[in-house]
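Residue-level listing of the chains:
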Amino acid sequence: MIFAAIAVVCGISLVLQTHPIASALSLIGVMGALAALYLLLGGEFIAAAQLVVYAGAIMVLFVFVIMLLNAGKETKGRRSWATYAGAPLLLLFLGLIALAITYHLPASENVVFGGFTGGTALQIGRALFTTYLLPFEVTSILILIAILGAIVLARKEID
Amino acid sequence: MPALPPSVPLTWYLILSAILFTLGIAGFLFRRNIITVFMSIELMLNAVNLSFITFSYKLKQVDGHIFSFFVMVVAAAEAAVGLAIILTVFKNRQTLEIDELSSLKN
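Chains U and P, in that order, are what the protein sequence lines are. Residue numbering for the first sequence follows numbering that gives the first Met the number 0, starting at 0 and increasing by one per position. Residue numbering for the second sequence follows numbering that gives the first Met the number 0, starting at 0 and increasing by one per position.
Calculated from the structure, these hints are not laboratory results. Computed from a predicted model, the values in this text were never measured in an experiment. Don't be surprised by glycine CBs; every beta carbon is placed ideally from N, CA and C. Careful, some of the hints might be misleading.
[Claimed, not checked] Derived DEER-like restraints, expressed as beta-carbon distance ranges:
(1) U:153 to P:98: 22 to 30 angstroms
(2) P:94 to U:120: 38 to 46 angstroms
(3) P:100 to U:99: 30 to 38 angstroms
(4) P:103 to U:133: 34 to 42 angstroms
(5) P:94 to U:63: 13 to 21 angstroms
Use the sequences and the hints to build the structure in full.
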């Protein structure tokens, strides 16, 4: 409950801040709160991975690029018609999803800590290397391609 | 202020996920800095991950965790390539405003 409030506040802050660094720090707040929620839902491994991979690696990359490009505040520009049409549509979207979740899902039990203990590294590793072995290997190729792509894109600076 | 319940229903997690996803869409649509737009995409991915973990709790299966692990990996790869693209774009155009990057339009 508290972590959900933190996540929502940080998410709103992400959208409203005009400075990219402030947005990045808000996003780190969201990810930290989500990691705590994963822990409550029994996902120990995912919570740790969330902190290490997301809040650690990816956000360091973001902050690094923001610093490198010396990104300043956003300039206030004219608002297009999409802004005015989009906001009510987004609220409608959120309302529809909330309605569907509330009324079309069967009544759910309360979440208790320890209600699901299948998210340990042991269970995840077992599933990852037996049932999901092929997707796991494909993922490694995907990461290899991403490394190559990033190097090719950044190579022009070296020459 | 009424006392908060000690534990909340599972649907609240899904609604939180929907709220975060909508915030991500709002940031994606309304922000003008390309880096902030990129961070909004990450927020949307995180919201979907929360849904996966919640359903995994509900169904008492580990598959949701695996899936959100894959989403994390893809997000890392996407962030690396996307930020490299942003660096290249900034080097060529000296701007981060998405409204000025409209050379594909004509």
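- [ ] Starting from the hint list further up, note which numbers the structure goes against and sort them upward.
- [x] none
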